[in-house]
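Enquirer: Taking the hints into account, I'd like the entire structure generated from these sequences.
So the protein lines, in turn, are chains G and B. Per my numbering: the first sequence = residues 1 to 257. Per my numbering: the second sequence = residues 258 to 597.
Mixed in with the good hints, there may be bad ones.
Computed beta-carbon distance windows for the label pairs [claimed, not checked]: (1) G:W17 - B:T267: 58 to 64 angstroms; (2) G:A4 - B:R383: 23 to 29 angstroms; (3) B:S320 - G:V175: 34 to 40 angstroms; (4) G:P24 - B:D283: 51 to 57 angstroms; (5) B:A546 - G:M87: 56 to 62 angstroms; (6) B:V572 - G:R168: 30 to 36 angstroms; (7) G:P24 - B:G263: 52 to 58 angstroms; (8) B:M388 - G:I246: 41 to 47 angstroms; (9) B:R371 - G:P24: 30 to 36 angstroms; (10) B:S384 - G:A4: 22 to 28 angstroms; (11) G:A5 - B:Q482: 45 to 51 angstroms.
Treat the hints as calculated values from the structure; they're not laboratory data. Backbone N, C-alpha and C fix where the C-beta goes; we use that ideal spot for every residue, glycine too.
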Amino acid sequence: MSGAALRIVSAVCGRTWIKALRRPVLLSFSLVQPMIWMLFFGFLFQRYPIEWFGAEIRYLDFLLPGICAMTVLFGASQSGIELIRDMQTHFLGRLLNTPADRRLLLVGKLGADVSRLLAQAALVLLLGLTVGARISPSILGLILSVAALGFFGIAFCALSCTIALLTRAPESMAVFVHVVNMPLLFTSTAFVPRHQMPGFLASLSRYNPLTLAVGSLRGSLLSHQIPSLSESLLPLAALSLIFFGIASAALSRAAKD
Amino acid sequence: MPTDSGQVATVRSLRKSYPGGVVALDGVDLDLDSNSVTALTGPNGSGKTTLLRILAGRLAPTSGTAIVLGVDPAASSSLLRRRLSFVSQELALDPEMTGAQTLRLFAVLYGLPRGSIGARVDELARSLELMGHLAMPVHAYSGGLRRRLHLALGLLQEPELLLLDEPTAGLDPAGRAFLWGLLKRLAERSRSVVVITHDLGEVERHCDRVAVMLGGKILAFSSPQVVVRQHARRMLQIELAEDVAATDTRLANLRQILGAKFLAVQRTKLSVQLDDPHSELDRILAMLAAQHLEARAFQVHEPDLATAYFGLTGVSAEEPPTRRGEPGAGRRRGENGEPG
Chain G
1 MSGAALRIVS AVCGRTWIKA LRRPVLLSFS LVQPMIWMLF FGFLFQRYPI
51 EWFGAEIRYL DFLLPGICAM TVLFGASQSG IELIRDMQTH FLGRLLNTPA
101 DRRLLLVGKL GADVSRLLAQ AALVLLLGLT VGARISPSIL GLILSVAALG
151 FFGIAFCALS CTIALLTRAP ESMAVFVHVV NMPLLFTSTA FVPRHQMPGF
201 LASLSRYNPL TLAVGSLRGS LLSHQIPSLS ESLLPLAALS LIFFGIASAA
251 LSRAAKD
Chain B
258 MPTDSGQVAT VRSLRKSYPG GVVALDGVDL DLDSNSVTAL TGPNGSGKTT
308 LLRILAGRLA PTSGTAIVLG VDPAASSSLL RRRLSFVSQE LALDPEMTGA
358 QTLRLFAVLY GLPRGSIGAR VDELARSLEL MGHLAMPVHA YSGGLRRRLH
408 LALGLLQEPE LLLLDEPTAG LDPAGRAFLW GLLKRLAERS RSVVVITHDL
458 GEVERHCDRV AVMLGGKILA FSSPQVVVRQ HARRMLQIEL AEDVAATDTR
508 LANLRQILGA KFLAVQRTKL SVQLDDPHSE LDRILAMLAA QHLEARAFQV
558 HEPDLATAYF GLTGVSAEEP PTRRGEPGAG RRRGENGEPG
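Expert: So, in structure tokens, the structure goes:
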């Protein structure tokens, strides 16, 4: 990436970060929500048997990576809201009619959103540790699983942006949560190990991108595993590229009236 | 860079229709000179904004061709976006950002060299009188300040062609005067400006060319002086005491008596062509009285761009504020006054 391109990405990234920091209530809520899920699920199912991971792993430990990935998923689904605000103020049209490459504008926006979501996930991880969860991470595994989670975040931020650009309606974001997030969450291994799921759900969860992200993170945090390149990193990277391409096309289309 | 012929834009047989059969542009031909200020004027819905948006590459025409700065704007190339700036009528600002943050963001997006951004932002802020407001969030700006910031973003990269859609809307008289001066200075610095406006007095003073549009067509396109010479007529505008329906028989009678001199009636305003005020004024007022139409006040408009506009479009542009109800403002017998 050239110096000029980097300046464009960092300028858009900076603007997105500034706007996020100006909404502390939203930022706090995005931390409170996963904590509520963790406390309720963690203590409700504390006797849930997860012997698959070894006797020393409790349900709260098992749940924590799932909640971290869920934080990224829920936050990513709201990524498009900012674009809808920008469309409502005509600001997006103005951004798109500068000579800047529109893909760089998207890279800047997604970069800010995903880095914020990963920071939030890290905070959730720390909060989880303070309420009693235990982890035993491997550094390389953790780095690669954060990359996997980042790819997952890019994919779903881009999907949210695409829906926002196509529908131009804030209501569509609420629909997104119900139609995409919830099915994705409950057909993944975020809360339950795959071998304890009903047969069809277990098969379905194997192809769920959230399962891939959670699996990488859980393996690296709880059992020193290195995420598989072919089974999690590459599929998630490919998914993020595909959704980025679709969002770029939607952004170019939005430049026309 | 303008084309070899010294034109920044050439439009041929341009047509734009919207779903539902609305025809916004109906075969427009236009040549825009470089280093000049061109005004587009006409009643609402006459196609001015559609034409400007097509020139800016924001809208694709249904048929016809437009070449802007040597390229097809519909391709919306990055290079054209660098050389051309479109300032829309609606303010396109982020209310949460400060003026400085907004200007700096766009300076980067327009590819200004890093070292020159601070100086360019300061220069624009000084010339648009935004200097003391740069640290404030845009939501705290007054309407006039927002308009200036909106315009400043369009000027950041010093475009070769600046397209402005009603930039004076919401500006006070001082702001308007400032803006027109700025546009004139831009043209002097080898920049070309196309501006949509209803401010006909300013068009006459500051624009090199004016296009009067109606129903998606260009009715006249020349220098303001030529348009005035070819289309303006002295006009008597009479304020009637009652709101007269277009179907009123008294108006029909009057139309018959006055013939081609009867121009239009808009609610309480009756417009009549007046060739010789000395001989015709009293006669016309007497005709009104004979039709039991009471004239509350009247004014004579000397031939100018406003009367040319009226003659071309059949509707009046914005009322010139200095010519109405101001005793002594160029007043002579029968120019502004109560019917005797």
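Enquirer: What hints, given by number in increasing order, does this structure fail?
Expert: Hint 1 is the one this structure does not satisfy, whereas the remaining hints hold.
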